[in-house]
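*Asks:* Here the protein sequences line up with chains A and B, keeping their order.
Each residue of the first sequence is one higher than the last, beginning at 1 in the working numbering.
Each residue of the second sequence is one higher than the last, beginning at 1 in the working numbering.
Honestly, the hints are just simulated from the structure, not real lab data.
Hints are supplied without guarantee of correctness; some may be wrong.
When chains are identical, the list treats them as one kind, so a pair holds in a single copy or across two.
Said to hold, decoys possible - Dumping the calculated PhoX-like pairs for lysine-lysine here, alpha-carbon to alpha-carbon at most 25 Å: (1) Lys311 / Lys450; (2) Lys448 / Lys460; (3) Lys450 / Lys460; (4) Lys335 / Lys237; (5) Lys335 / Lys225; (6) Lys345 / Lys450; (7) Lys375 / Lys345; (8) Lys225 / Lys67; (9) Lys450 / Lys237; (10) Lys18 / Lys67; (11) Lys244 / Lys311; (12) Lys450 / Lys26; (13) Lys26 / Lys67; (14) Lys460 / Lys225; (15) Lys335 / Lys448; (16) Lys244 / Lys26; (17) Lys225 / Lys244; (18) Lys237 / Lys448; (19) Lys345 / Lys460; (20) Lys244 / Lys448; (21) Lys26 / Lys311; (22) Lys450 / Lys67.
Treat the numbers as computed from the prediction; the structure is a model and nothing was measured.
There are 2 protein chains.
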Amino acid sequence: MNIIQPAAPQLSPELIEKFRNIVGGKYAVTDAADIAPYTTEERDLFHGHSPLVLRPGSTAEVAAICKLASEHRIALVPQGGNTGLVGGQTPHNGEVVVSLRRMDRIREVDTASNTMTCEAGVILQVAQQRAAEVDRLFPLSLGAEGSCTIGGNLSTNAGGTAALAYGVAREMALGVEVVLADGRMLNALSKLKKDNTGYDLRNLFIGAEGTLGIITAATLKLFPKPRAVETAYVGLKSPAQALKLLSISQNEAASSLTSFELLADIAVDFSVRHGIDVRNPLPAGHPWYVLMELSSSRDDARAALEAILAKGLEDGIVDDAVIAANLTQRQAFWKLRDEMSAAQKPEGGSIKHDISVPVAAVPDFIAEANAAVVKLIPGSRPVPFGHLGDGNIHYNVSQPVGGDTAEFMARWHEVNEVVFAIVLRMGGSISAEHGIGVLKRDELPDVKDKVAIELMRNIKAMLDPLGIMNPGKVL
Amino acid sequence: MNIIQPAAPQLSPELIEKFRNIVGGKYAVTDAADIAPYTTEERDLFHGHSPLVLRPGSTAEVAAICKLASEHRIALVPQGGNTGLVGGQTPHNGEVVVSLRRMDRIREVDTASNTMTCEAGVILQVAQQRAAEVDRLFPLSLGAEGSCTIGGNLSTNAGGTAALAYGVAREMALGVEVVLADGRMLNALSKLKKDNTGYDLRNLFIGAEGTLGIITAATLKLFPKPRAVETAYVGLKSPAQALKLLSISQNEAASSLTSFELLADIAVDFSVRHGIDVRNPLPAGHPWYVLMELSSSRDDARAALEAILAKGLEDGIVDDAVIAANLTQRQAFWKLRDEMSAAQKPEGGSIKHDISVPVAAVPDFIAEANAAVVKLIPGSRPVPFGHLGDGNIHYNVSQPVGGDTAEFMARWHEVNEVVFAIVLRMGGSISAEHGIGVLKRDELPDVKDKVAIELMRNIKAMLDPLGIMNPGKVL
């Protein structure tokens, strides 16, 4: 997808030199081949272009970049691990990319206060590992964790598989450090769980997709590391049965229920067919599956999980179930889930949605969306899977077998329209965890409260009056 | 305390009539005796005055009030249960009070999605009870719960005794409905746990103390009702030992640890001396006490609590402990804690602080503050108690025995200054859960990041350009 906006002003050689002086010669990238990894993304869905990638090494350098960019009205696109799914990190119109990846210092780990202060470029997995080393848990977990960064996670308010118990990225940040469009630095870092001194500025920048400023560091919450983690894979008849099992699980395990993923059989089939070393832990034949996990600081997770499954079997909700016997099995269960997105590619075109509805509405949503999509494009194959506990379904639609891929993909927005209509009727969201970026920007005004859109525009104008911060994204 | 601002414009009889027409005759209060309960507060610390109290019954009426007020530049003070502790709900300069208490409808309870949509005037205790009736928990809990309202709880981002496990009020709201200064209505109600469609407007109004708009309703999270709640009262030597016990407790119980309150012996003594039917559950003589509670969806809370206390005894951290044997004992333990604020009044003047520091810094904070305060006012009696698990201490100072109360109270800001200097040096907050209101307004610019203050002013100007929403509060 190429998103064309009014052309950005040409960068003069003198201005490039000024930017280069801020970050130092080797960290101002101008060679086209070196720039390429910053302008495209893994799925090959978005292709941008840029004359200059800046790789600052400190907050002061980011501030100097923003100040200079403001003075010359140069548009900037902040970028972390370049794993975003909505084109938010791509320079669609020749903007200067500001890559935060070099700012990868973990400034402090405080086990007494259970906080960790990371710079924006720290890779999520590195943050997880550092927490584990001090016997703590940093619970944010998602497919791209090996390459996505804390700054990107916060700018997009990432969700993932542990949000059920620990919340989304927003809820894991106690404070942030932000460089504003004009180069001012907002120090809202904080180790405090309670701080009622004025307006909540932190949450304005979290989830703003780099359009209001650049998050350069954050103080994150750490949690006690669970002593016992137990994982089950369950076969059942329908999303409605899965919802009943969720209810039983929450009553039994409360916040110990750390994941509850719903998987359609077709999603499982794709993963088994196309993933390497992926297998279905149960004999095939169930129309739906649930992958669920309990985490506990005590040794009661196994007993709780067994009690949940026993009740599920007794009530006729669970048709079959297996509990991972060891870490290897547990990882195999998760591999089946983690391969699910990638496994759709070999099946041809896939039109993707990242929606949420109230948890109780998920079964109706899936039924209605399936019917509407198949009516619109006969033979198309809905592949719903995702975080049932959060009401968040990755409602993807694969092309008909043997059909024309380009023809199918050309109907992206048409399919969106049908699906989003159902989402909105149910009080849901067209972007649960991936954000708006450019992919859903044009839909936003139609689905959002009018006053909310007005306020968003006012906030944008207030914080970025020149419109240089990630222009054309979100709004 | 009387806070004098430039006089509000006089309300003409015609304008009063227009306001009256919006809410209906009996809900426009103009009689001085009927107005009095809205202009003073329980502790008798703040005394305001107002010509008119409006009691709207719907969001549409609130919107009409704001629109009319905007047109005539009439300042408004939104008010819930009038239990705020920083003068935020008081009309210090003759503003019109908008009392939300009549808007007390629980619009919806959705047990499948675990949400409850309450209007602003719903009493916190009523919300708790409604959740309990459907076998759920609404965990927000604080001293004033019998009279404070959901709208006020959110506007002040209330904390309380369950924030350790469930977070502060901000974290319990999925969405809000807000009337803006000009009468526009923002519908950001939502049952969604994940929604990444644009900027986080919800958190801008939560904690803004009514200075950016009036919260008229909110969608709140419900949690599974714990099956077992176990409460212990522990005697120990110091805040440092209490911190060690907190660490043991978090490792053992993780999120099942729902309260962890630190109590100085003098706070316990006051409560026993002045409270009705309050007794110390342990033989006196311990310099410090901890009141801690575990809540679990399974029957393991008692075993976990016993394991924690056993380890604490073994390590020489716990000197004595008692577990509540039944609900009556549990309530008696909490009564000792709940009476603590009121019990300071009979001891004469009390200069109060509601501070937070990183959890690990609490012992040093108490030691340094005690030394500094007693040095400043020999014979003054520090009475620290509060939410150790959140790093939030109500650091109150009672006057010297037999001293002059007025003379002592006149040194309020001097004592503040000494205490706040220590708080700031430790990276803490001068208002952990009570807010800024007028009480700490003048200190705010000295303790807050300069850029943060600039942004707060910009946000205020953007949302309330005429300055009619709770003027003189926070900023």
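*Asks:* State for each hint whether it applies.
*Replies:* Here is what the structure says about each hint:
Taking identical chains as interchangeable, the C-alpha atoms of Lys311 and Lys450 are never at most 25 Å apart, the minima being 46 Å within one chain and 57 Å between chains. Taking identical chains as interchangeable, the C-alpha atoms of Lys448 and Lys460 lie at most 25 Å apart whether they share a chain (16 Å) or sit on different chains (23 Å). Taking identical chains as interchangeable, the C-alpha atoms of Lys450 and Lys460 lie at most 25 Å apart whether they share a chain (15 Å) or sit on different chains (20 Å). When the C-alpha separation of Lys335 and Lys237 is checked against a cutoff of 25 Å, the pair qualifies only within one copy, where the shortest distance is 23 Å, while the shortest distance between copies is 50 Å.
In this assembly of identical chains, the alpha carbons of Lys335 and Lys225 lie at most 25 Å apart only when taken from the same copy (22 Å versus 34 Å across copies). In this assembly of identical chains, the alpha carbons of Lys345 and Lys450 never lie at most 25 Å apart, being 37 Å within a copy and 50 Å across copies at closest. Taking the shortest alpha-carbon separations for Lys375 and Lys345, only the intra-copy value of 23 Å comes in at or below 25 Å, while the best inter-copy value is 72 Å. Proximity of Lys225 and Lys67 under a CA criterion of 25 Å is satisfied in neither setting, with 42 Å inside one chain copy and 52 Å between copies.
Taking CA atoms no more than 25 Å apart as the test, Lys450 paired with Lys237 passes in neither setting, with 40 Å inside one copy and 58 Å between copies. In this assembly of identical chains, the alpha carbons of Lys18 and Lys67 lie at most 25 Å apart only when taken from the same copy (11 Å versus 50 Å across copies). Taking CA atoms no more than 25 Å apart as the test, Lys244 paired with Lys311 passes inside one copy only; the shortest distance there is 11 Å, against 39 Å between copies. Taking identical chains as interchangeable, the C-alpha atoms of Lys450 and Lys26 are never at most 25 Å apart, the minima being 46 Å within one chain and 34 Å between chains.
Taking the shortest Cα distances, Lys26 and Lys67 sit within 25 Å of each other inside one copy (21 Å), while across copies they are farther apart (57 Å). Taking the shortest alpha-carbon separations for Lys460 and Lys225, neither the intra-copy value of 39 Å nor the inter-copy value of 41 Å comes in at or below 25 Å. With identical chains, the CA atoms of Lys335 and Lys448 are never at most 25 Å apart, being 36 Å at best within one copy and 46 Å at best between copies. For the identical chains of this complex, Lys244 and Lys26 are neighbours neither inside a copy (57 Å) nor across copies (48 Å), given an alpha-carbon limit of 25 Å.
When the C-alpha separation of Lys225 and Lys244 is checked against a cutoff of 25 Å, the pair qualifies only between copies, where the shortest distance is 17 Å, while the shortest distance within a copy is 29 Å. In the homo-oligomer, the alpha carbons of Lys237 and Lys448 never lie at most 25 Å apart, since the shortest distance is 35 Å inside one protomer and 56 Å across protomers. Taking identical chains as interchangeable, the C-alpha atoms of Lys345 and Lys460 are never at most 25 Å apart, the minima being 36 Å within one chain and 48 Å between chains. Proximity of Lys244 to Lys448 under the C-alpha cut-off of 25 Å is found in neither arrangement, the shortest distances being 31 Å within a copy and 48 Å between copies.
In the homo-oligomer, the alpha carbons of Lys26 and Lys311 never lie at most 25 Å apart, since the shortest distance is 62 Å inside one protomer and 56 Å across protomers. In this assembly of identical chains, Lys450 and Lys67 lie within 25 Å of each other by CA distance solely across copies; the values are 18 Å between and 33 Å within a copy.
Of the numbered hints listed earlier, those contradicted by the structure are 1, 6, 8, 9, 12, 14, 15, 16, 18, 19, 20 and 21.
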